[in-house]
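Fit chain G to the supplied structure of chain Z, relying on the hints for placement.
Taken in order, these protein sequences are the chains called Z and G. Using this note's numbering, you'd call the opening residue of the first sequence number 1 and step up by one each time. Using this note's numbering, you'd call the opening residue of the second sequence number 1 and step up by one each time.
Just to be clear, a hint being listed does not mean it is correct.
What the hints assert, rightly or not - Which residues of chain Z face chain G? A few of them, derived with a C-beta cut under 8 Å, are:
| no. | residue |
| --- | --- |
| 1 | D30 |
| 2 | A32 |
| 3 | P39 |
| 4 | L43 |
| 5 | S46 |
| 6 | T47 |
| 7 | T88 |
| 8 | T146 |
| 9 | I212 |
| 10 | D218 |
To be verified - Rough simulated footprint, nothing fancy, chain Z against chain G, three-plus residues with beta-carbon under 8 Å:
| no. | region |
| --- | --- |
| 11 | 23-30 |
| 12 | 37-49 |
| 13 | 66-79 |
| 14 | 87-94 |
| 15 | 98-105 |
| 16 | 114-122 |
| 17 | 244-252 |
Calculated directly from the structure, the hints in this document are not laboratory data. Beta carbons: idealized from backbone N, C-alpha and C, even for Gly.
2 protein chains.
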Amino acid sequence: MTGEFDLIDAIIDALGTTATRDGVVVGPGDDAAVLAIPPNHELVVSTDTLVADRHYPDGACADAIGYRSLAVATSDLAAMGAEPAYATVALTSPDLAADWATRFADGLAQAARDFGMAIVGGNLARGPEAVTVTVFGHTPRGAAITRSGARPGHTLYVTGTLGGAGLALGDESLGECSLAALDPSSADPGSPLARYWKPQPRITVGTDLRGIASAAIDISDGLSSDLGHLCRASAVDCGVDLARLPLCPGAEPTAAAAAGDDYELVFAAPPELEDAVEDIARRTGVAITPICTARESTGAGVRWFHDGTVVDIPAGFRHF
Amino acid sequence: MTGEFDLIDAIIDALGTTATRDGVVVGPGDDAAVLAIPPNHELVVSTDTLVADRHYPDGACADAIGYRSLAVATSDLAAMGAEPAYATVALTSPDLAADWATRFADGLAQAARDFGMAIVGGNLARGPEAVTVTVFGHTPRGAAITRSGARPGHTLYVTGTLGGAGLALGDESLGECSLAALDPSSADPGSPLARYWKPQPRITVGTDLRGIASAAIDISDGLSSDLGHLCRASAVDCGVDLARLPLCPGAEPTAAAAAGDDYELVFAAPPELEDAVEDIARRTGVAITPICTARESTGAGVRWFHDGTVVDIPAGFRHF
Numbered sequence: 001m002t003g004e005f006d007l008i009d010a011i012i013d014a015l016g017t018t019a020t021r022d023g024v025v026v027g028p029g030d031d032a033a034v035l036a037i038p039p040n041h042e043l044v045v046s047t048d049t050l051v052a053d054r055h056y057p058d059g060a061c062a063d064a065i066g067y068r069s070l071a072v073a074t075s076d077l078a079a080m081g082a083e084p085a086y087a088t089v090a091l092t093s094p095d096l097a098a099d100w101a102t103r104f105a106d107g108l109a110q111a112a113r114d115f116g117m118a119i120v121g122g123n124l125a126r127g128p129e130a131v132t133v134t135v136f137g138h139t140p141r142g143a144a145i146t147r148s149g150a151r152p153g154h155t156l157y158v159t160g161t162l163g164g165a166g167l168a169l170g171d172e173s174l175g176e177c178s179l180a181a182l183d184p185s186s187a188d189p190g191s192p193l194a195r196y197w198k199p200q201p202r203i204t205v206g207t208d209l210r211g212i213a214s215a216a217i218d219i220s221d222g223l224s225s226d227l228g229h230l231c232r233a234s235a236v237d238c239g240v241d242l243a244r245l246p247l248c249p250g251a252e253p254t255a256a257a258a259a260g261d262d263y264e265l266v267f268a269a270p271p272e273l274e275d276a277v278e279d280i281a282r283r284t285g286v287a288i289t290p291i292c293t294a295r296e297s298t299g300a301g302v303r304w305f306h307d308g309t310v311v312d313i314p315a316g317f318r319h320f
Numbered sequence: 001m002t003g004e005f006d007l008i009d010a011i012i013d014a015l016g017t018t019a020t021r022d023g024v025v026v027g028p029g030d031d032a033a034v035l036a037i038p039p040n041h042e043l044v045v046s047t048d049t050l051v052a053d054r055h056y057p058d059g060a061c062a063d064a065i066g067y068r069s070l071a072v073a074t075s076d077l078a079a080m081g082a083e084p085a086y087a088t089v090a091l092t093s094p095d096l097a098a099d100w101a102t103r104f105a106d107g108l109a110q111a112a113r114d115f116g117m118a119i120v121g122g123n124l125a126r127g128p129e130a131v132t133v134t135v136f137g138h139t140p141r142g143a144a145i146t147r148s149g150a151r152p153g154h155t156l157y158v159t160g161t162l163g164g165a166g167l168a169l170g171d172e173s174l175g176e177c178s179l180a181a182l183d184p185s186s187a188d189p190g191s192p193l194a195r196y197w198k199p200q201p202r203i204t205v206g207t208d209l210r211g212i213a214s215a216a217i218d219i220s221d222g223l224s225s226d227l228g229h230l231c232r233a234s235a236v237d238c239g240v241d242l243a244r245l246p247l248c249p250g251a252e253p254t255a256a257a258a259a260g261d262d263y264e265l266v267f268a269a270p271p272e273l274e275d276a277v278e279d280i281a282r283r284t285g286v287a288i289t290p291i292c293t294a295r296e297s298t299g300a301g302v303r304w305f306h307d308g309t310v311v312d313i314p315a316g317f318r319h320f
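Here chain Z stands alone, though its shape is the one from the complex (with noise of 0.2 Å):
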């Protein structure tokens, strides 16, 4: 049995230049990680935990599991318009079999380049299969975009395509699905099982969005129940239809509207700001779609049609 500090070790080997990056003082090994936070700038925090057979299914492969993982937390961040820069990963397994957990690191460090970021520290436990990931961003002080500010007459507008990671759970080969699959040079980055091991936090959306939107929420237990969190917490109501939802290929509306995972933005903008969104899509290559316009709230919420009649969604992903 691998002890574990000689498996940290491994770990921290498969980080490679992740585990450090600019304003890290003191990285893994220590009792804590010490990190620097620019001047004038707060610090952006978020904590998200997958459960094996819950979040993920059991037995799925340790690299997608490790990218994924820090993928749907680094996503909070850019909901909040935050620049993602560290991360802590907490690892229970029942086994932790060196190369299973170096696999598992091969992943993460592979995000952690994607997004920018470095791992910073973390735990190891043995017991049931889970990772919780804490991620550290920062916006300069008082731009953090929170899900409150949305008023009567913003346009409300949703990122990227809807639907794909939903599909995925349809894909029997979900659970045997490693990254080099999803290589972008033998995959469609957009193909279902790619939006789902491998979501694409919309971090360069989020930064732009400083000073234009005035909320956002990050889509992860599906449009239906985060835009209505987004709607409540603003205290507006909408109506929206169904047509309007910008769709992975295969898709179905009503599905889309009410599938997890994503880790789309929604966002609000006041309607002069209308070509500030466009210039952001048009900068980022992120197709940005407005779907509906907030209204003084009766206490209604989010309203769905279809072809002109109102239709029920099921609510979104239910973590209990």
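Chain G in isolation, oriented as in the chain Z frame:
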């Protein structure tokens, strides 16, 4: 069944004023928390996971689990000389009954008050019971104390007493002990059960040691393990006479040297700062005991003596 978002509201209610403090710009309930770090300070972060039936008895009282999970993570900040400020808490539980979760949050809140921290966010997931806490503190720039600065001739010290939490492992009421039973008005705060469930991170000693200690580590896995880590990181050896260890009443020296969970600090300081160390003990009321002197490393690491003979000390807690 309580919905996730009702449960989060109940938990935030139970946290009360500990969901905020100076510097919390955005607290629980958004995609991420937004936090201020004082100018010219560095961020210090650490993550710890406690798994039911491995790191504490399965079925233990929720409030005690909440207190202990924040305390053990915060001890790592104390070892760096950092001032604790914020924490995020990721709870995984098979059913997450609302009364269990609010008692857990009560315990967290009590610990957060004791340590001057705010619980700024977290995650709830259904799965096998485990808690991952990430703690955030700060130190003036360049002031954090690492494990690697001890030099030959420096004195090694230990705070408080050892072996108390280890004694609790033999107490059959360990798994039924609520925080109320450990209230100082009804129980000795130095009792083994209190040492186990309500460890008191040496926060003030840690911050006072900035500029004085050359290296520090907290005793989470046992003095034998953790002193070994400090000596390896600092490239020094030492020899400890068991007779010099400050023991909890009832603790046996060999067991106390090996036992985990004490959450005292071991630190090194140059001999010319002996008076400054004694001043800290006087100011804080925490016993600080010199246990040995660091020597040039010959690769021997830490050796243990009893009545002048070399003795073997079992390794501390094994995570694997």
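Okay, the hints, checked on the actual structure:
no.	hint	in the structure
1	D30	holds (5 Å)
2	A32	holds (4 Å)
3	P39	holds (7 Å)
4	L43	holds (4 Å)
5	S46	holds (4 Å)
6	T47	holds (4 Å)
7	T88	holds (4 Å)
8	T146	holds (5 Å)
9	I212	violated (17 Å)
10	D218	holds (6 Å)
11	23-30	holds (count 4)
12	37-49	holds (count 10)
13	66-79	holds (count 3)
14	87-94	holds (count 4)
15	98-105	violated (count 0)
16	114-122	holds (count 3)
17	244-252	violated (count 0)
The structure shown violates the earlier hints numbered 9, 15, 17.
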